[in-house]
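Chemist: The chain contents come next:
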Amino acid sequence: DSGVTQTPKHLITATGQRVTLRCSPRSGDLSVYWYQQSLDQGLQFLIQYYNGEERAKGNILERFSAQQFPDLHSELNLSSLELGDSALYFCASSVDSGEYRHGYTFGSGTRLTVV
Amino acid sequence: AQKITQTQPGMFVQEKEAVTLDCTYDTSDQSYGLFWYKQPSSGEMIFLIYQGSYDEQNATEGRYSLNFQKARKSANLVISASQLGDSAMYFCAMREGEETSYDKVIFGPGTSLSVIP
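Going down the list, the sequences are from chains A and B. Under the numbering used here, residues 19 to 133 are what the first sequence spells out, in order. Under the numbering used here, residues 22 to 138 are what the second sequence spells out, in order.
Same shape as in the complex, but just chain B:
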């Protein structure tokens, strides 16, 4: 069965500093994908970044990068140069199966990030 673990319920970071949010996953599939989503206090879910299990390079999207360590089954999100608007809940998610399938993406419990001025 799939499982996503986010061990940091809450994190604080100084504005303009970098922060790493941890995510470990458990799957027996060889083909899978990992997502990170952001949920601000307003409630909407915002897609940040995606990493495929066969991707040779770590994914990057602007200030977001994913530190993917396949052997350790970890997919940590790194946010560089934190901004006040980065304060939100962050969810790690995973889908299993063929690359054209979105079926049954599951989400971790989330990490609450607070950026301090």
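This is chain A alone, in the form it adopts within the complex:
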């Protein structure tokens, strides 16, 4: 167990629907990162939050949004889902105070299948 908890582990939903993916970072970590991993795009950085505030944005679609709550857990909201959104969504966390040498700690991911 890495200490980063992602729920649910698997999600199957229909096109046009909206889903919410949840992430609880490792205890003490202030930064949360969301990544999308698909066969054709590889690992794509979506967005980073630090202590409740958005810090960096990557290739995140307008249909997607995220937030980090006061208790530091984060949610990734995906709406108007398309078949191409099917992917493994990872959450990762870090302390963000110079411990970059330990890398990110990744959760086990949420496998989203859009049918």
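These aren't lab readings, by the way, just hints derived from the structure by calculation. Don't be surprised by glycine CBs; every beta carbon is placed ideally from N, CA and C. Misleading hints may appear alongside valid ones.
[What the hints assert, rightly or not] What follows is a list of derived Cβ distance ranges for each label pair:
hint : chain 1 : residue 1 : chain 2 : residue 2 : range
1    : A       : K75       : B       : P138      : 39 to 49 Å
2    : A       : D19       : B       : D76       : 22 to 32 Å
3    : A       : S98       : B       : P138      : 41 to 51 Å
4    : A       : I78       : B       : G73       : 35 to 45 Å
5    : A       : T31       : B       : P130      : 19 to 29 Å
6    : A       : S98       : B       : E77       : 43 to 53 Å
7    : A       : V133      : B       : R93       : 40 to 50 Å
8    : B       : E82       : A       : K27       : 26 to 36 Å
9    : A       : S98       : B       : R84       : 39 to 49 Å
[As the list claims (entries may be wrong)] With a cut-off of at most 25 Å between alpha-carbon atoms, the simulated BS3-like pairs for lysine-lysine come out as follows:
hint : chain 1 : residue 1 : chain 2 : residue 2
10   : A       : K75       : B       : K125
11   : B       : K125      : B       : K24
12   : B       : K24       : B       : K94
13   : B       : K94       : B       : K125
14   : B       : K91       : B       : K125
15   : B       : K24       : A       : K75
Dock chain B against the given chain A, drawing on the hints supplied.
Modeler: Just chain B, lined up with the frame of chain A:
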């Protein structure tokens, strides 16, 4: 813009032999960091090793070492004494910017390593 290249989509290595996984990167920053992650078939991402752009020595972590050649912009991962459990996808990653920032770490396409008994 950042770019990570891993030119070996798949590699095979005999058990107990050493293997080198290639990674080249492109950045205009002077301060950056390089990571290697392992993704077994179970799907989780496991951090292996880190090299800072100003580190004078190549990073080592157990059987993993990083062959960092700054002028050539390469950061190859060397796995010594390969084990069957090393079979996995390996990703090279890079962050740019100040050393206290983790922002926008990007990943390469990965190399699939298969260890043969």
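Chemist: Are the hints correct? Go through all of them and say.
Modeler: How the hints compare with the structure:
1. A hinted range of 39 to 49 Å holds for the C-beta pair K75 (chain A) and P138 (chain B), which are about 45 Å apart.
2. Take D19 (chain A) and D76 (chain B): their Cβ atoms lie about 30 Å apart, and the range 22 to 32 Å holds.
3. Range check, S98 (chain A) to P138 (chain B): about 48 Å between beta-carbon atoms, so the 41 to 51 Å window is met.
4. For the pair I78 (chain A) and G73 (chain B), the supplied restraint of 35 to 45 Å is violated, since their beta-carbon distance comes to about 28 Å.
5. A beta carbon spacing of about 28 Å between T31 (chain A) and P130 (chain B) agrees with the range 19 to 29 Å that was offered as a hint.
6. For the pair S98 (chain A) and E77 (chain B), the supplied restraint of 43 to 53 Å holds, since their beta-carbon distance comes to about 50 Å.
7. Taken as a hint, the range 40 to 50 Å holds for the pair V133 (chain A) and R93 (chain B), whose Cβ atoms sit roughly 46 Å apart.
8. Checking the proposed 26 to 36 Å range against E82 (chain B) and K27 (chain A) shows it holds: the Cβ atoms sit about 29 Å from each other.
9. The hinted range of 39 to 49 Å is satisfied by S98 (chain A) and R84 (chain B), whose Cβ atoms lie roughly 46 Å apart.
10. Simply put, K75 (chain A) and K125 (chain B) have alpha-carbon atoms about 8 Å apart, close enough for the 25 Å limit, and the pair holds.
11. In summary, the hint linking K125 (chain B) to K24 (chain B) is supported, as the alpha carbons are separated by about 12 Å, within the 25 Å threshold.
12. At roughly 11 Å between alpha-carbon atoms, K24 (chain B) and K94 (chain B) fall within 25 Å of each other, so this suggested pair holds.
13. Our distance criterion of 25 Å between C-alpha atoms is met by K94 (chain B) and K125 (chain B), whose separation comes to about 19 Å.
14. Distance restraint check for K91 (chain B) and K125 (chain B): the Cα-Cα separation of roughly 21 Å lies within the 25 Å cut-off, and the hinted pair is therefore satisfied.
15. A C-alpha spacing of about 17 Å is found between K24 (chain B) and K75 (chain A), which places the hinted pair at or below 25 Å, so the restraint holds.
Going through the hint list in order, the structure does not satisfy hint 4, though it satisfies all others.
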